[in-house]
Amino acid sequence: MAPLLAARGVSKSFFGNPVLRDVSIALQPGRVHALLGENGAGKSTLINLLSGALRPDGGTIEVDGRAVARMTPAHARQAGIAVVQQELSLTASLSIAENIGLGAYPKRFGLVDYSALAARAKAACELVGLHEPLSTPVGRLPLGRRQMVEIAKALYRKPRVLILDEPTSSLSATETKILTDLLERLRSEGIAILYISHRLNEVMTLCQHVTVLKDGICTADRTLEGTDAAGLVRLMVGRDPGDLFPQWRPSASPANAVSVRNFSAGLMRDVDLDIRTGEVLGIGGLVGQGQEDLLLGLYGAIPARTASATINGTPGLPGGVPRANALGLAYVPADRKREGLHLIHTITTNMMLPAFARLPALKLRSRRAERETARGLAAQLGIKGDLARQAQALSGGNQQKVALAKWMPHDPVVLLLNDPTRGVDVETKREIYLMLRAFAAAGKAVVLLSSDTPELVHLCERVAVVRDGRIAAMLERAALSEEAIVSAAMGAENRKVAA
Amino acid sequence: SEANAAAKCIKGDRKAPYTIGWANIYSVPTWMKQTQGTIEAEVETLKKQGLVDKLVVTDAQGDANVQIQQIQSMIDSDVDAIILIAGSSTAPARVIADACAKGIAIINFDSLVDTDQVTAKVNTDSSQWGDQAAKFLIDAIGGKGKILILNGPAGVSVSDDRRKGADAELKAHPDVTVLAETNTPYNVAPAQEAVTSLLFANPEIDGILSLGGALSAGAVLALDKQGRDQVPITGENARQFLELWKEKGLKSWATMQPNWLGAFAAYTAVQALEGKDVPAFVKIPLPVIDNSNIDEYLARAKDFPADGYIYSPYDEELFKKLLAQK
Amino acid sequence: MSTVSSARPAVALYWPVQARRNIGVRSLFVVVLAFLIAYGFLFPGLFSASGFAKFTQSWFPLALVAMAQAILMLTGGISLAIGATVSLGAVIAATTMAGPLGVTGGAAAVALTGLGIGAATGFIVVRLRLPAIVVTLAGSFIIGGAALLILPRPGGAIPEWLSDLLAGDTPTAFVLLIVIVLLWKLYLATPLGLSLYAAGENPVGAYRSGVPVDAARVAAYAISGLLSTGAGLFVAAQTGSGDPVIGAAFTLNSIAAAVLGGIGFLGGQGTMRGALAGSLLLSLMISVMFFLGFTPVAQYVAQGLIIIGAVAIPQFRKVQQ
Amino acid sequence: MAVLSSRPFLTVAIVAAVWIAASFASRGFGAYGHLRYLVELGAVIGLVAAGQTFVVIAGGIDLSVAAIVTVSAISLPLLSWQADPTGLAPVLVVLALTTIIGLVNGLGVALLRVHPMIMTLAMATFLQGLLIIIAGGSAVTAENPLVHWLGNARPAGIPAGVLLWVAVSVIVLTVMHATPFGARIFAMGANPLAAALSGVPVTSTTLAVYGISGFTSGLAGVLVLGMNGQGYVGIGDPYLLASIAAVVLGGTSILGGLGTYAGTIPGAILLVTITALITVVNASPGWRSILFGSLILGLLLLSGREQARR
Ligand SMILES: Nc1ncnc2c1ncn2[C@@H]1O[C@H](COP(=O)(O)OP(=O)(O)OP(=O)(O)O)[C@@H](O)[C@H]1O
Ligand SMILES: Nc1ncnc2c1ncn2[C@@H]1O[C@H](COP(=O)(O)OP(=O)(O)OP(=O)(O)O)[C@@H](O)[C@H]1O
Ligand SMILES: [Mg+2]
Ligand SMILES: [Mg+2]
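Residue numbers (the numbering used here), protein chains in the order written: chain P, 32 to 530; chain Y, -6 to 319; chain F, 3 to 323; chain Z, 2 to 311.
Hints are computed from structural coordinates only; laboratory data are not their basis.
Treat the hints loosely; a few may be bogus.
Under the rule of at most 20 angstroms between Cα atoms (straight-line distance), these lysine to aspartate or glutamate pairs were calculated in the EDC-like manner [said to hold, decoys possible]: (1) K40(Y) <-> D308(Y); (2) K128(Y) <-> D283(Y); (3) K295(Y) <-> E144(Z); (4) K244(Y) <-> E289(Y); (5) K368(P) <-> D301(P); (6) K1(Y) <-> D124(Y); (7) K189(P) <-> E215(P); (8) K95(Y) <-> D216(F); (9) K139(Y) <-> D160(Y); (10) K241(Y) <-> D199(Y); (11) K314(Y) <-> D270(Y); (12) K139(Y) <-> E197(Y); (13) K4(Y) <-> E33(Y); (14) K128(Y) <-> D160(Y); (15) K95(Y) <-> D171(F); (16) K218(Y) <-> E144(Z); (17) K241(Y) <-> E144(Z); (18) K128(Y) <-> D199(Y); (19) K239(Y) <-> E144(Z); (20) K313(Y) <-> E267(Y); (21) K187(F) <-> E215(P).
Bear in mind the structure is a predicted one, so any value in this text is a computation, not a measurement.
Looking at chain P on its own, in the form it has when it is part of the complex (with noise of 0.2 angstroms):
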């Protein structure tokens, strides 16, 4: 049976560096076919030439068996490929439907059919378990919601080939098992499904097949039965891989670095929290509860009132970012392009941003001494690429390695993430986790906001799980396990008593 979409041989390269090199793939009907690779491997590059939005340099892209002369964005629609991109194709002021329904509008008279897409994007809603109004606007949105939406926009479009760039990166648990079971069933109705992440127990539930691509050279092409997830890091990796979580062993102190009482900021309500020197605490919950603004609040990134905080030993809140920084705090933020990084500057000017910010004003710059420190840090945190090329230059999980790396030469006494393995292979996470708990024994606070339950559970001192704008519950590290994490986001202890 010829497949619905292939690619035969394709290379692509950029500026004369090759990202793909005879690379192909095939998508077969009822099947969900993994991608796997490192960070900058060329997954999404390789999708992007699937779906037409970048055109091959050599190679060709075959649709049911028919090579496709010049593959666009408008052909691939009409084949019935629907991707959902790893950067968002959303646009903030447009409502969920209006986004849902871009590029394809049900026409009456020419005009968009507004009924007919109401009904079409609330079935399409309906699917992903996005339950706000059709009219509310996407930039009122958080990340993980607006994420169901790019899903649902790939839905409505009724494909038969389904092309997801870890879609689950910014989705909780709950929200993750909603789009397993939605995929499940797609595949069943004889959909093709490719589907990248760097998740490898989703991988491993879900697929059938996997692509393993390794410096834009495809290294195996087979089907998962008969591999478990270490085989398939050795795939990606080309050696053994060592365990994801590194061993955990107690470093926190009973000291707190960070203390407030009646915390007020965003969405979080008078909450009390303590935060130890020497821990690594995580928080935990349902996207969109309030984490986020309790990070930012603490950070002095927005407007936050408190009965009373100590941080590091000095009474107050922070009151600016600056200050915050000259306290020891640092932040790294979820969302990479808009908040971590100046994607039109190169990637050392990146690294080196923190130190501007607090260096004297008209103190003249060493350029040497710069690139020095950017190559340390790459060095430290394997970032691959140029230095002196443009961040935008680089692939989703080395921009954030970079977001991270820009804090390690002021070390920083707290540490506020914000999920910061999002998107990052498997390798890195490993090292990311090994610097986290590293910089805990250390003595440090880190303070782990993660949509990755898995990782609260084996880094963790503790966990703060938040839902509605409170700590629903603290739970220690003996009472630490995803469903214990799951149960108390969802609130259900309530629902039981109530039961």
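Using the hints, position chains Y, F and Z with the ligands against chain P.
For chains Y, F and Z with the ligands alone, coordinates are given in the frame of chain P:
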């Protein structure tokens, strides 16, 4: 004659003391500020005589459309008279006609509007300005030679009229060659820049026909900075130019758009409201400044702003005489 | 139950979407309303047919250029040639309508010129990837030069009846404005119109979603050109003649109106109703200050304060929340 | 090699090409004296555009520069007092005044969060009101020796204004590209949110940027006063659009975050060159205007392409 009656505009029972609306096009430039000064002084006098009780001033900030809106507001608030400098020679015609139809006295001075629906227009003759300036210059260069012409901004009636006024004289003297012409705002800096470039492109220049504003001062500075000898040049009564004239011993001639046109417009408005007969067009004879009277003007210089215009003296006698002309 | 709900359109969408758009401009609406009330109080004649007609006539051209600018800003563009385009529209109207082309021919010439200039500008900006602000700055000289060639000094004429129709004592301008707003709503309800927002805010994402991004942006420039020359036609009718430099002030005023109305510079932010409210505020301000008897100095100061205030106060409230 | 393909170099090459072509077309255009004069004129635009470059790179725009130039040129003669024979004191006072005006712009942008276009437009309107009060106020022409020197002297054959421009350029380029302050400005322009979260003091940096713009506009006002011997209302008007055009022709992105003053410098000279070229062409005002616009558009094609951003 009906047209004539309509042109007088004034209708209804308008009794002293009157409210006068002064629809300025742009109140920031110094010429305008000086004009505003003469209007305010005149209104003070008229207030003392119990003829005026209020002067309403608007500033259209250079925008002819805003001026229309402001004149409309003056109509809406039923002022007794409107005096105006038009921001465009055509644009306010309809709103002025509306005001006229509502019986409001309209005195239009300086920049005029192409309409007869006004009580009176007051102005010097732009075409005569160009003609006299050209006469002087051609005479000064001995009836032949190469000249530059500096015009005011393009697309504006006054600068076009002055330029057209010079045409006859230029045609009559085929030995006078126009090397180049410019259009710039009536300001020193752009004139200086343009003349400097023109001097480099045209090494031999015998005279400069400068048609108003501060253009002449810019031209003189340009010649001076390039170490060139000054050439005969025409101009206006800008204080800077008159001082340069004296300092450099120029061969010059200047006329002016007297600032007291404003005072005279206010005076005329009240005269018309009082039922006096006023001519539909009051032509203000061009005062001429030449070597014979330049010292008189400079003697009064300290009473005028450094970037302003030294206008000829005026008094009520002069106004009466002007109104008496037919 | 379930059969009923699946047979009917599931949910109302259009009107809720429209209603949501008011959220960003509510406080501006309040300010504008306050000025309107103040104006009506100071000048009761506003409520007569002719008073209302005159008032809308002074607002109308500014409203059109505010829309012309807002469309561009929604797509992430901007134009510094709006003023020159208005002048050109006025000049063409004044030189054609009283001639052999007649009013219909003249209006067509005005419309085609606007569309053509807009589309050409759009093409240069979009396809050649040049910064709109300087392309349109250069364009303003070219277009302004063309206006001067057609009519080197103020002149020309508009048939009296047309002037009376558009700018007489009947609120024709207001009716026209409503028609134009309805046409805009209609355009915004077409797939191309709705893609304005996506093309402005997230062009890459929009392109990948199958939106004809370039076409949407070029169309926006063309419509913007049409609105600008249309404003010129109206100004010509209002003044009964043409003036090659009449539009100069509209460039900055259109930007001020659009930004006042909450249109952002990065594309995709803001609504047309906001831009219209912004233009209305600018226009009202002039009349209200007149009736309050402000001196020119006070007018300049108050104007600056009102503009800053109208933009800053909503921002301030957002921060407070 | 990198230098040859850089935007500033491209702009310099264009200027040279225009000069050479124009000298062939019109004798005298390429004379040393004329080129020197063009550079002197370029100095005024260059000074205004120095502040404008900072502001644009920081992601803003300053529409009040023209009004500030005028305020500077108009208020300086009012301040000339006998006690100071050098004339330096009044100049410093005026520069302080224009810097404060700039700082107020910065306050509005940073604290009131008014969009730069609106804030600076409103400031320009305020300054018009201020000019009504102060313009024409000086009944005596007071020659300020320093200002006169700046506008007319030619030490070693080089106009003093050009020397001033060179000095300012060196400082501007150093601050822009070799200090943390400069780096903060680029960061703010490229992504203000990320800059703020990285600890860049956004408020004070914004204030500084607009303050600099006020300062350099004030300096340009002083220079242009010296060159014309007299300030007048409207003397600054040509410099608003010219400063923006010089910045963009020099390859700085109007979207902020990318650019250099090294491009603005030839951009400024390019503009005065084109203006001079138009002046010596014999054509009607309409055609001249069309020619001017077309030249800018054509040159933009060579130097001003925006880089695609995601
Ligand atoms: N537009 C571009 N210009 C230059 N280089 C690019 C561009 N897009 C991608 N690259 C480079 O191509 C390589 C592959 O990128 P791609 O985004 O396909 O990686 P990926 O496998 O999706 O990584 P990740 O898991 O981090 O998302 C990277 O090295 C990246 O730097
Ligand atoms: N809630 C409202 N209150 C007052 N005026 C309104 C309101 N909604 C609309 N208007 C007015 O009605 C007219 C049309 O508004 P409309 O909402 O249709 O604009 P719009 O074209 O939809 O803009 P957009 O769709 O981009 O928001 C405008 O003149 C606007 O000022
Ligand atoms: Mg990717
Ligand atoms: Mg990735």
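Hints, one by one, checked against the model:
1. K40(Y) <-> D308(Y): holds, 17 angstroms
2. K128(Y) <-> D283(Y): holds, 13 angstroms
3. K295(Y) <-> E144(Z): Holds: K295(Y) and E144(Z) sit about 14 angstroms apart, inside 20 angstroms.
4. K244(Y) <-> E289(Y): This hinted pair holds, its Cα atoms lying about 17 angstroms apart.
5. K368(P) <-> D301(P): Answer violated: K368(P) to D301(P) is near 31 angstroms, above 20 angstroms.
6. K1(Y) <-> D124(Y): violated, 31 angstroms
7. K189(P) <-> E215(P): holds, 15 angstroms
8. K95(Y) <-> D216(F): violated, 53 angstroms
9. K139(Y) <-> D160(Y): With Cα atoms ~15 angstroms apart, K139(Y) and D160(Y) stay inside 20 angstroms; holds.
10. K241(Y) <-> D199(Y): Holds, because 16 angstroms separates the two Cα atoms, which is no more than 20 angstroms.
11. K314(Y) <-> D270(Y): Holds, at about 13 angstroms.
12. K139(Y) <-> E197(Y): holds, 7 angstroms
13. K4(Y) <-> E33(Y): Violated, at about 25 angstroms.
14. K128(Y) <-> D160(Y): holds, 10 angstroms
15. K95(Y) <-> D171(F): Given pair K95(Y), D171(F) holds - Cα atoms ~13 angstroms apart, limit 20 angstroms.
16. K218(Y) <-> E144(Z): OK: K218(Y) and E144(Z) at ~17 angstroms, within 20 angstroms.
17. K241(Y) <-> E144(Z): holds, 17 angstroms
18. K128(Y) <-> D199(Y): This hinted pair holds, its Cα atoms lying about 15 angstroms apart.
19. K239(Y) <-> E144(Z): holds, 17 angstroms
20. K313(Y) <-> E267(Y): Holds. K313(Y) to E267(Y) sits at ~14 angstroms (cutoff 20 angstroms).
21. K187(F) <-> E215(P): Given pair K187(F), E215(P) is violated - Cα atoms ~42 angstroms apart, limit 20 angstroms.
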